[in-house]
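Listed here are the chains, written in short residue letters.
There are 2 protein chains.
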Amino acid sequence: MELMRHLALNIPDTSKPRVVIIGAGFGGLNTAMGLSDEKFQVVLFDKHNYHTFQPLLYQVASAGLQADSIAGPLRNLFHKRKDVHFRMLKVQAIDPAANTINTSAGDLKYDYLIISGGAKTNYFGNENVQRFTSALKTIPDALNLRSQLMQLFEWASLNADPNIADHLLNFVLIGAGPTGVEMAGALSELKRHILHKDYPRLDFTKMRIYLLDGLDRVLPPMSAKASARAQRDLEKMGVIIRLNTMVQDYDGETVRIKDGESIKSFCVIWSAGVTGETMPGLPKEWAERGRLLTDSNCRIIGSSNVFAIGDIALMKQEKYPKGHPGMAQPAIQMGKYLAKNLWALHQQQPIKPFNYFDKGSLATIGRGKAVADLPGNIFFGGRIAWYIWLFVHISFLVTFRNKLLVLTNWIWNLFTYDKGNRLIIRPYIRKGDERAKEVFNNNESGS
Amino acid sequence: MELMRHLALNIPDTSKPRVVIIGAGFGGLNTAMGLSDEKFQVVLFDKHNYHTFQPLLYQVASAGLQADSIAGPLRNLFHKRKDVHFRMLKVQAIDPAANTINTSAGDLKYDYLIISGGAKTNYFGNENVQRFTSALKTIPDALNLRSQLMQLFEWASLNADPNIADHLLNFVLIGAGPTGVEMAGALSELKRHILHKDYPRLDFTKMRIYLLDGLDRVLPPMSAKASARAQRDLEKMGVIIRLNTMVQDYDGETVRIKDGESIKSFCVIWSAGVTGETMPGLPKEWAERGRLLTDSNCRIIGSSNVFAIGDIALMKQEKYPKGHPGMAQPAIQMGKYLAKNLWALHQQQPIKPFNYFDKGSLATIGRGKAVADLPGNIFFGGRIAWYIWLFVHISFLVTFRNKLLVLTNWIWNLFTYDKGNRLIIRPYIRKGDERAKEVFNNNESGS
Numbered sequence: 035m036e037l038m039r040h041l042a043l044n045i046p047d048t049s050k051p052r053v054v055i056i057g058a059g060f061g062g063l064n065t066a067m068g069l070s071d072e073k074f075q076v077v078l079f080d081k082h083n084y085h086t087f088q089p090l091l092y093q094v095a096s097a098g099l100q101a102d103s104i105a106g107p108l109r110n111l112f113h114k115r116k117d118v119h120f121r122m123l124k125v126q127a128i129d130p131a132a133n134t135i136n137t138s139a140g141d142l143k144y145d146y147l148i149i150s151g152g153a154k155t156n157y158f159g160n161e162n163v164q165r166f167t168s169a170l171k172t173i174p175d176a177l178n179l180r181s182q183l184m185q186l187f188e189w190a191s192l193n194a195d196p197n198i199a200d201h202l203l204n205f206v207l208i209g210a211g212p213t214g215v216e217m218a219g220a221l222s223e224l225k226r227h228i229l230h231k232d233y234p235r236l237d238f239t240k241m242r243i244y245l246l247d248g249l250d251r252v253l254p255p256m257s258a259k260a261s262a263r264a265q266r267d268l269e270k271m272g273v274i275i276r277l278n279t280m281v282q283d284y285d286g287e288t289v290r291i292k293d294g295e296s297i298k299s300f301c302v303i304w305s306a307g308v309t310g311e312t313m314p315g316l317p318k319e320w321a322e323r324g325r326l327l328t329d330s331n332c333r334i335i336g337s338s339n340v341f342a343i344g345d346i347a348l349m350k351q352e353k354y355p356k357g358h359p360g361m362a363q364p365a366i367q368m369g370k371y372l373a374k375n376l377w378a379l380h381q382q383q384p385i386k387p388f389n390y391f392d393k394g395s396l397a398t399i400g401r402g403k404a405v406a407d408l409p410g411n412i413f414f415g416g417r418i419a420w421y422i423w424l425f426v427h428i429s430f431l432v433t434f435r436n437k438l439l440v441l442t443n444w445i446w447n448l449f450t451y452d453k454g455n456r457l458i459i460r461p462y463i464r465k466g467d468e469r470a471k472e473v474f475n476n477n478e479s480g481s
Numbered sequence: 035m036e037l038m039r040h041l042a043l044n045i046p047d048t049s050k051p052r053v054v055i056i057g058a059g060f061g062g063l064n065t066a067m068g069l070s071d072e073k074f075q076v077v078l079f080d081k082h083n084y085h086t087f088q089p090l091l092y093q094v095a096s097a098g099l100q101a102d103s104i105a106g107p108l109r110n111l112f113h114k115r116k117d118v119h120f121r122m123l124k125v126q127a128i129d130p131a132a133n134t135i136n137t138s139a140g141d142l143k144y145d146y147l148i149i150s151g152g153a154k155t156n157y158f159g160n161e162n163v164q165r166f167t168s169a170l171k172t173i174p175d176a177l178n179l180r181s182q183l184m185q186l187f188e189w190a191s192l193n194a195d196p197n198i199a200d201h202l203l204n205f206v207l208i209g210a211g212p213t214g215v216e217m218a219g220a221l222s223e224l225k226r227h228i229l230h231k232d233y234p235r236l237d238f239t240k241m242r243i244y245l246l247d248g249l250d251r252v253l254p255p256m257s258a259k260a261s262a263r264a265q266r267d268l269e270k271m272g273v274i275i276r277l278n279t280m281v282q283d284y285d286g287e288t289v290r291i292k293d294g295e296s297i298k299s300f301c302v303i304w305s306a307g308v309t310g311e312t313m314p315g316l317p318k319e320w321a322e323r324g325r326l327l328t329d330s331n332c333r334i335i336g337s338s339n340v341f342a343i344g345d346i347a348l349m350k351q352e353k354y355p356k357g358h359p360g361m362a363q364p365a366i367q368m369g370k371y372l373a374k375n376l377w378a379l380h381q382q383q384p385i386k387p388f389n390y391f392d393k394g395s396l397a398t399i400g401r402g403k404a405v406a407d408l409p410g411n412i413f414f415g416g417r418i419a420w421y422i423w424l425f426v427h428i429s430f431l432v433t434f435r436n437k438l439l440v441l442t443n444w445i446w447n448l449f450t451y452d453k454g455n456r457l458i459i460r461p462y463i464r465k466g467d468e469r470a471k472e473v474f475n476n477n478e479s480g481s
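Listed in order, the protein sequences are those of chains A and B. Counting the first sequence from 1 gives a position; the working numbering is that position plus 34. Counting the second sequence from 1 gives a position; the working numbering is that position plus 34.
Just chain A, same shape as in the assembly:
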């Protein structure tokens, strides 16, 4: 019997306007949480059954946190809501003319549609890069990367090939935005505090962490001061930073750089760019480079009842002619703005335009090392910035349970210098290197 033969969305009909939200990231989740059950029916779609706190994914990848501590089941958040309906399903297409979305479990009419599908990794069309590099956008990405990292060290301890030995401990991070910078710092701390104890017979002076970017500074969205400080701190920690460096290709063992140089590595992490993920069925004129053009009410230009928020939205405002930065804050604020104003829009009342309040940006580099750009051009580096970073990240975790777990882990890590989640649960089999499966014979774990 085919278990998924007859599917239905099973959404009850009500007299209230129905708001369909695609994506339960920071934007969509805040809209769903902020809308009133008295006024709207909310239908929320996501292909995962949990919300991911993306800013801490690199700590899951680097074994500092458990996946479960930065992700929470979505249904938990709506236990007290009477008319929010979550469906774990990928929306396949949208038909704006018919006010309908299409899913594999049937079609659904909407009164309002909020697209908050987020951004996906941009490989700029390079299939090799897409195939062989690791991304860090989702929980499975982070868990795969963690297993890959830990497995490479296990392999290094078993290696007998001098041609490989020199490259096995090379790690290359492409893209020096927050993900690249924070992951480079985390790898450096793993090396400094843990790996030499785990593998006393490996020579970790050979472990090299490269951080590459096509632009002329790290953390390009942050202030020049923050960039300079982050670069200085990372270099002190042994990270090799190559700026103005365009990567051309990666074939699974060699990163080729445009000027002809190359770096051998079996672990390349790609965070060099994101792109919007528009939906089939949307008019072409709604999008610009994969992002959906909206007015200052988050409403897609050309539509009366379809909205876009978060990374996928391109709201050109005077201070943000290229749209808002692709970070949690704009998505959260747009989500809350829409939740607050949708009823007024529904009643065709005038509402104030969205006004992004830039709370600043933060990036952590390591223990006691971070950079913080705060409102009013205030910059902090080092320990103060790190405390701010810790406080802000704990505050923004969605549930109290997540806060408690992250805090427990951090206090533990702080006092012990340990990162205890170094389990290889999702064994990494390098494409084209099937022998690893046979050697470890733990393919049951990958199922």
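I should point out that these hints are in silico values taken from the structure, not numbers from a laboratory. Being a predicted model, the structure only gives us computed values, none of them experimental. Misleading hints may appear alongside valid ones.
Which copy is meant is left open, because identical chains are indistinguishable; a pair holds if it fits in one copy or across any two.
Claimed, not checked - DSSO-like cross-link-like pairs, simulated, lysine-lysine; straight-line CA separation at most 30 Å:
no. : residue 1 : residue 2
1   : Lys437    : Lys225
2   : Lys231    : Lys114
3   : Lys171    : Lys81
4   : Lys231    : Lys81
5   : Lys124    : Lys231
6   : Lys124    : Lys225
7   : Lys231    : Lys370
8   : Lys298    : Lys124
9   : Lys270    : Lys393
10  : Lys370    : Lys154
11  : Lys374    : Lys231
Given the coordinates of chain A, assemble chain B onto it according to the supplied hints.
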């Protein structure tokens, strides 16, 4: 380039006797931890890089705990040891005549070999059962089962097939030992405290949890009092218990029972038996039904320097003519015994035979409900047994970090009735039901 082309075990030669340990479960780990670096070189093999606290796997599967909180990286445990060498590798064969083990990274001579590979699930030769049921012996098993459970509820919320609806919430546990009993209790608590809040539109009066066993009572290794109390408590919690019930087959949707009855279910958990996993190369006369026959010094009968401990060992003693129970305690005690006595054996001094101290056995049924058989035929049920169970399990977790994490989770679960780890990270694709992949389109998560 093939990354795994030239492998070597890279174990240094010393003048000390070399002890090779296969398997880092309770037995092998305790031997490795107890041996002295001054006297022996220790080489420890496991196919995972972590030790698993198996008694709490069912809590990982039922979303009460994170995987990382009951498993710890093995290398962490040996940071202060100078001559313990862990290798994440499957040992392929043993050549006792040559005192050598064979691995894919080369051969290794041993002076003493300790086989502590544990037990594997026994399907009694039924390939269908092996293919379609879920096991609960490893961390990946537990995470797969958790995703499978949570996904079935998501599917139920999307189901439109009346033929399926009646069976979608049927769960069948085959084998009423501790795993079956504890998992049945955990499922019942999920139903009672969480699922109706997660899925307010599903009718959970239709959710049925079956616990089947071929014997005439649950928890057959425990006292009659414990069996009776566990059965009573489970039945009060709504678990349907079928004793003297032999399962004949399961084809992925129907469990066929010997008397002709059948139960439809899309989630069947098999814990009806274990069997030893002997290694290729061992003389046939060393084994009896997959377990290795040892004398009272844990030494394999017929060998002078090969030992077996834990589930794989069959040490027939007066009080235990069929060997010791397949639980953590005998393995731990044998591991410690061997660590303590190996030097004396090496010096051919007489040692005392192994004497198993039965500390009793425990099983938890639910919040405030457990059964405890303590030494001296003392039985506790209910809340006192539950407190004993909590205390014992926290005490036996290997690292302080694991204790801290489990305790944090339990305190959280206790006060909130929440089980917050309900993430579907390893999507379950039922064999032969590939459409699910397309519907959810989250196959990236399974990589």
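Cross-check of the supplied hints:
1. Lys437 - Lys225: both (27 Å within a copy, 26 Å between copies)
2. Lys231 - Lys114: Classified as between: cross-chain Cα gap 8 Å, same-chain 48 Å, threshold 30 Å.
3. Lys171 - Lys81: both (14 Å within a copy, 29 Å between copies)
4. Lys231 - Lys81: Close across copies (20 Å), not inside one copy (40 Å); limit 30 Å.
5. Lys124 - Lys231: between (44 Å within a copy, 23 Å between copies)
6. Lys124 - Lys225: Classified as between; 27 Å across copies, 39 Å inside a copy.
7. Lys231 - Lys370: between (47 Å within a copy, 25 Å between copies)
8. Lys298 - Lys124: For Lys298 and Lys124, the Cα distance is within 30 Å only across copies (28 Å; inside one copy 38 Å).
9. Lys270 - Lys393: within (29 Å within a copy, 54 Å between copies)
10. Lys370 - Lys154: within (23 Å within a copy, 52 Å between copies)
11. Lys374 - Lys231: between (53 Å within a copy, 26 Å between copies)
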